[in-house]
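S.K.: In the order they appear, the protein sequences are chains A and B.
Using this note's numbering, the letters of the first sequence correspond one by one to residues 1 to 651.
Using this note's numbering, the letters of the second sequence correspond one by one to residues 1 to 290.
Worth double-checking, as some hints may not be accurate.
[Claimed, not checked] Mimicking BS3-like on lysine-lysine, the simulated pairs with C-alpha atoms at most 25 Å apart in a straight line are:
hint	chain 1	residue 1	chain 2	residue 2
1	A	543	B	262
2	A	254	A	376
3	A	178	A	589
4	B	284	A	254
[Claimed, not checked] Covered stretches of chain B, going by a simulated chain A footprint (3 or more residues, C-beta under 8 Å):
hint	segment
5	90-97
6	126-137
7	167-178
8	193-206
[Said to hold, decoys possible] Partial list, computed: chain B residues near chain A (C-beta under 7 Å):
hint	residue
9	152
10	153
11	267
12	275
Derived by calculation from the structure, the hints in this document are not laboratory data.
All figures in this text were calculated on a predicted structure; none of them were measured in a lab.
Every residue, glycine too, gets a C-beta built ideally from N, C-alpha and C.
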Amino acid sequence: MSMSATKKVLVISGLAGLAMLPHLWPNPYYVHLMVVIGIYAILLLGLDFVVGYVGEVSLGHAALFGVGAYTAGVLNFQLGAPFVLTVPAAIAVSAVFGLILALPALRVNGPYLAMVTLAFGTIVQILINEMTFLTNGPMGITMDKPSFFGHRLNSGEYYYIVMALLVLTIVVVHRILKSYLGRAFEALRDSPVASDCMAVSVYRYKVYAFVISAALAGLAGSLFVYSEEYISPDTYSFHLTIQFLLALIMGGRKTRSGPILGAIIIVMLPNVLADIGLFRQIALGLAAFAVVYSAYGLARKRLSPRQVAIPLAFTVGLSVFSHRISDITDYRLTIFGLLILFVVYYLPDGIMGFLRSLVQQVRPQWVRRHEWILDKGDAEHVWAPPDHAVTVKGNLLEARGLVMQFGGLRALDMVDLHVAKGSVHGLIGPNGSGKSTMMNVLTGIYRPTAGEIEFNGKIISACTPSDIAGEGIARTFQNVQLFGELTAIENVLVGLHHTYRSSLLDLMLHTRRSRREEHEARMRAASLLKFVGLAELANEEAKNLPYGKQRLLEIARALALNPSLLLLDEPAAGLTAPDIKELVGMIQKIRGHGITVILIEHHMDVVMGISDTVSVLDFGQKIAEGKPAEVQSDQKVIEAYLGGGAEQQPA
Amino acid sequence: MDVLSQLLGSGVAVGMIYAVIAFGYQLTFATSRTLNFGQGEALMLGALVGLSLVGHMNYWLMLPIVMLFGAVQGAVVERVAVRPAIKSKSEFGWIMATIALGIIFKNVAENIWGHDQLPFPSPVSQTPFTVLGVHMVPMQVMVIGGALLMMLAVELFNRRSIYGKAFVATASDLDAAGLMGINTNLVITFSYALSSMTAAFAGVLVAPITLAGAEMGAVLGLKAFAVAIIGGLNSGVGVIVGGLILGIAETTTAYYISTGYKDVPGLVLLLLVLAVKPAGLFGKTVIKKV
């Protein structure tokens, strides 16, 4: 993980530039603007966790910013607490508020977080206004720049504090996002179901992301109070929240540069929108750019006339509009709204994303979307003992009287399943017989209507999918559920998530423990890929793999969980005959390492060839069970598969 | 006792307004799993357009025109802000785009009608009367009755007419409805039109009580969010009960604690309900098939 030489030069010159800026632009007005940009950038880096990485929308970040500001302000105003106390307190208080919001709001899918945070924003403003005894109400709080050892900082000196904290934030955020936590955030957005089944609880990690984000909003808020030396309730309005979101998406999500660029834009925007002359020039510039870009796109046949019509009309229209009006202040919000619409539809990856795609067209090798992981695996690192040792005697899994009711349909009707430790247990049945429902009930995706499941001596039928996965049940999916945007090896690394013990602090400080864990996991992941024959494709995005390889990748990812029970849902679908032979060998090796397997499969020769026991489902009921040969000759099974009843033989 | 009964009366009236707006959220959420974050602005536009019209015509003639205006406005919101986002499966897209349109509508309204709160003529007499010991203003009764009628009319339409069946089919399974030859895009546009129409109607109803102005929508739209979550985003009874709970909680808080704090119980209830029963008090938990 060493930095390349060019990157080092860039970072050092960037830091030097940051340090020199106040000397190049000593005007206090500009220094203040740069401080505000730095503060907003810290908040936006945090907001990116929620909006960019886990894909939720927060409409409460201005309020969290306000909570941080008021925590620092009130502690300083009421108790005279110093900077070194107020800032950590602001971070902590905002994080707690973030937790209180996220815990209930993220329990359900849908726009709930947006709705709850919107309400929170309003309430915070009301509370700040009303709780006069604490916050001084609408009058606001006046305070001074921080002092250190009796020396009160001036704005120039405060600039360095903010920039140092911004650089620190960038480093910390970058380390978190490049770690196993960042991988979890990306995975849960890509396929929530698969994340849960890899013991990466979607709910828990969304809450983590929101709390980290809230903590950074608190940090930014506390820095803001010291910068402005005055706070009042109406600063932290809904409008500010929307500005933050616009800044983030305009700059570019899922980058470190995007939030900084976004912060520069929204801090400068009011100045642009206050000066009609400047606004006209910018509108004209945008229109000119749109005309040139559309012409280029049309000429190279990259864009269709339909695609360019609306943005072209918009930018030209904006330019004409800017010359028609004499005073801009009345239309500021309309322009702001149009800007949001434009960015949402035409710059969804922001300016940084747009630049990146331009560079990619010219120099594809310059743009790297994933870190190349070049570790070579070997045969001895494929296997690891399960996290929870198998202690039960006899059957590893006992399902008793399972019923799964969907409205009027009984997908499972009083099914018992006994899976012997160390066996391969085949589960067959015609389409719609309840096999996949069974898989989903066993892994906790559906909660059974009745009945119970005991696994390794523990009742798991009321547990969440991620807890069940944590107990040692891994699975593959009938309709492949990979993390498509992640590379093959990253997919397996998500499966190895449970092997990481590093705390947030370890990740921030990049301790030896965190480096060792990452190294071990990569070695393991490479070995697992080698085991399923995908070593050559380690750095390919999962969505680009052919269907058959995707299925094999799912097996590698499932094995990464160190399961004691592996559920394979139609692993041979889409495989060629030689591939199927290899798959059979693979399943035998898996069993050879003590992992019990439940196998759903339509290729009868595969099931009958490797299963120790076969259960047959039909219309949600178990109609037969036994050794493959017994089941094959069972009259009920033949009828279920071929239809019948008409030619019933006399007993 | 006298005070309490009055509080109940006004609580029920304001609660019914929340219920109608929340009902509008349910309509679009059912068909497309999206909501109009500018619903409050649809309400505000309805009230202000109604105010401009009522100077030139009879109050009862103004109502259908406002509702038509609301329907068109809703269709525009769907076409501009929601459909492209549904196509690209972007939750961020429709949330931000409907907010952006809301901001634009509000700014346009400020430029047309100004920043002041304008009085809205009441179609019924202003003298309070007493029913069962509860003091009510006739306008409050009209709000309650109008809101209930509006919801009833939409429900009847959905249950009885063939267009309503298309609506229900799309709500229960978008893809299957599409395969059965239902133009689901049109149904979604239609649900937005219905939703904004109910909001515009609610705006005209509530304006004589609250005054009309560009700012009036934001808070109402927000409260209706709380009601929709408390009652359940898929329960018709839920929004009515949720609206009543919130309306009464607010008026009593305003009287017994402080007007400043009257919006606080809404959020607390919202968080409590989500923590205890995320689908809402009356919502059905839907099992998501994998």
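S.K.: Of the numbered hints stated previously, which ones are contradicted by the structure, given in increasing order?
M.R.: 1, 2, 3, 4, 6, 7, 8, 9, 10
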